[in-house]
Amino acid sequence: MILKRRLFWMVAILIAVAAIVIPLVSSNYMLRVVNITMITYICVLSMFIVFGMAGQISFAQAGFWGVGAYITAILTVKLQLSPVIAIFASVLGTGLIAAILGLALFRLHGHYFGFSTIGVVMILNGLFQNWKPVTGGADGIGGIPAFGIGSWEFTSEMNNFHLILVIVVAVSIITYIVQRSALGRSFMAIRDNEIAAKCMGVNSYKTKIIAFTLAAMYCGIAGSLFAFLTSYISATTFTFPQSALYLVMLMLGGYNTLAGPVVGTLLLMLLPEWFRFLQEYILLIYGLGVMVLMVVMPDGLIGGGKKAYESIRKRGWAKQPSNDIG
Amino acid sequence: MNLSAKEAGQSSPVMILDKLCKRFGGVVAADEISFTLASGQIHGLIGPNGSGKSTALNLISGVTDMDSGNVILDGETITKEASYMRARLGIARTFQHPRLLKRCDVRTNLFLGSDLANMKKHSSPFTLEQLMEAAGLRLDLGDSITTMSYGQQKLFEIVRALLTNPKVVLLDEPAAGLNTKEMERVEALINIAVKNNAAVLLVEHSMDLVMNLCHVITVLNFGRPIAEGIPEEILSNEAVIEAYLGRGRSA
Numbered sequence: 006m007i008l009k010r011r012l013f014w015m016v017a018i019l020i021a022v023a024a025i026v027i028p029l030v031s032s033n034y035m036l037r038v039v040n041i042t043m044i045t046y047i048c049v050l051s052m053f054i055v056f057g058m059a060g061q062i063s064f065a066q067a068g069f070w071g072v073g074a075y076i077t078a079i080l081t082v083k084l085q086l087s088p089v090i091a092i093f094a095s096v097l098g099t100g101l102i103a104a105i106l107g108l109a110l111f112r113l114h115g116h117y118f119g120f121s122t123i124g125v126v127m128i129l130n131g132l133f134q135n136w137k138p139v140t141g142g143a144d145g146i147g148g149i150p151a152f153g154i155g156s157w158e159f160t161s162e163m164n165n166f167h168l169i170l171v172i173v174v175a176v177s178i179i180t181y182i183v184q185r186s187a188l189g190r191s192f193m194a195i196r197d198n199e200i201a202a203k204c205m206g207v208n209s210y211k212t213k214i215i216a217f218t219l220a221a222m223y224c225g226i227a228g229s230l231f232a233f234l235t236s237y238i239s240a241t242t243f244t245f246p247q248s249a250l251y252l253v254m255l256m257l258g259g260y261n262t263l264a265g266p267v268v269g270t271l272l273l274m275l276l277p278e279w280f281r282f283l284q285e286y287i288l289l290i291y292g293l294g295v296m297v298l299m300v301v302m303p304d305g306l307i308g309g310g311k312k313a314y315e316s317i318r319k320r321g322w323a324k325q326p327s328n329d330i331g
Numbered sequence: 452m453n454l455s456a457k458e459a460g461q462s463s464p465v466m467i468l469d470k471l472c473k474r475f476g477g478v479v480a481a482d483e484i485s486f487t488l489a490s491g492q493i494h495g496l497i498g499p500n501g502s503g504k505s506t507a508l509n510l511i512s513g514v515t516d517m518d519s520g521n522v523i524l525d526g527e528t529i530t531k532e533a534s535y536m537r538a539r540l541g542i543a544r545t546f547q548h549p550r551l552l553k554r555c556d557v558r559t560n561l562f563l564g565s566d567l568a569n570m571k572k573h574s575s576p577f578t579l580e581q582l583m584e585a586a587g588l589r590l591d592l593g594d595s596i597t598t599m600s601y602g603q604q605k606l607f608e609i610v611r612a613l614l615t616n617p618k619v620v621l622l623d624e625p626a627a628g629l630n631t632k633e634m635e636r637v638e639a640l641i642n643i644a645v646k647n648n649a650a651v652l653l654v655e656h657s658m659d660l661v662m663n664l665c666h667v668i669t670v671l672n673f674g675r676p677i678a679e680g681i682p683e684e685i686l687s688n689e690a691v692i693e694a695y696l697g698r699g700r701s702a
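Residue numbers (this note's numbering), protein chains in the order written: chain X, 6 to 331; chain U, 452 to 702.
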């Protein structure tokens, strides 16, 4: 308990320091990278819910991210609605679409479900690309206004940083609460043994749809924030490889704890910025890195780190120096 | 300890199985299986390998859909209910090979079922400590469950089932692969369930356990019930001996 409280304060202070320091030391460009990283983190958290907790592999997340972005773009640009309405509509609309898809797709199990979600992201992308009157087709939608409440507008990169950070913290807290709730335990029961879960009273069909819908709502809010931030969206962003990237980030960080998505997203989003001189080789390094990781640390960096720490402790390297001598 | 068959039939039936049938392709796994379970009674279900014992449990718990027949719990027909609903209505079960939530801690494994079953409405008369003591398990709620041996996992599953305060407990070969000490613990747990007035359906190959414990025994062969009665009757039943040992050459 004491350890947990200490961890809570450490995280809280870390976030507060980041909120103050990052805007001071970063250029506008770097701040944009940080903002996109945080938006990506929300999508990776959505992967954490649906795959990490409920054990259902889903490649539809980038598609839902797009749905959220397009709903916001259409409502603010074409219908001139307020950004606050748009952000709520994005969350609810994405959730609704996921719930309806879930009703049908969860007739399938395991890998078959996973394959069907590849179909979902491709269909959604096709829709963004070709439904010209609504989505603008290949031209996309531009001129999306910045987020604002009344006359208070989030135009600058720094304003957006604070907005997105608040939502990132809120979404993380929601995820933490879900993980410890009866609902979260039902998710994990389905992941570990679906038949046992059913015989323990879990309505697995309904619970999986809830997980899928909740995860899609995360993507909806991420998409909405993305649209406000970049003011221009087009279909080329919301693709299958993007979903695969979320999955890789989750696996890299580790899908057992909430710290996994944080570490995975930070590494894969920020490292390329620092290793820019490796440009042509970066994908090669990614690929090799993921392969090595899966062999050496199947539980991701957080899981692997924990194991390493425990084995070190067992061997006594981390022991307090004893007072036996002298 | 053993009630006579007649006496057992008179104690209140909590579950009635009415002509359960199930085919897998050309194989008849359950062929008009009918019997009743009474509260506070241990009902043995035995038979040679492949005689449909596990299929019967799957049909009762709803893991497998039946082709025809009815399952009646407390006077209500629950044939159409999904497995999770049956669990919530008070049917708890264990599996031949333990099905635990491997990446979850002890707390999640134990309480998921009792959270969702009607635990809150009628509180369990025995505590977790009592059950864990009877099972000989020493675990903290925060522990990972991967450290348990096979026998401990099987005992743990029974504890998990009993924690939901079930009306009917289905045990699928709880003693298979267990040592003597662990088998005694299985017995202790079953006795706790009986004391709590649950109906126990015990599928088991260990004849010692079945003959010692069960009030009534049903024998299956090729998916069909061939005998029912108290242990003494079953032991001397011609059809049962034939099913287990084959037809004797006429002397």
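Just so you know, not all the hints are guaranteed correct.
[As the list claims (entries may be wrong)] Derived lysine-lysine pairs resembling PhoX-like cross-links, with alpha carbons at most 20 Å apart:
no., chain 1, residue 1, chain 2, residue 2
1, U, Lys553, X, Lys311
2, U, Lys470, X, Lys211
3, X, Lys9, X, Lys211
4, U, Lys553, U, Lys470
5, U, Lys553, U, Lys531
6, U, Lys553, X, Lys312
7, X, Lys83, X, Lys9
8, U, Lys646, U, Lys531
Derived by calculation from the structure, the hints in this document are not laboratory data.
Hint check results:
no.	hint	verdict
1	Lys553/U - Lys311/X	holds, 18 Å
2	Lys470/U - Lys211/X	violated, 31 Å
3	Lys9/X - Lys211/X	violated, 32 Å
4	Lys553/U - Lys470/U	violated, 37 Å
5	Lys553/U - Lys531/U	violated, 30 Å
6	Lys553/U - Lys312/X	holds, 17 Å
7	Lys83/X - Lys9/X	violated, 48 Å
8	Lys646/U - Lys531/U	violated, 30 Å
Violation of the numbered hints given earlier is confined to hints 2, 3, 4, 5, 7 and 8; the remaining hints are satisfied by the structure.
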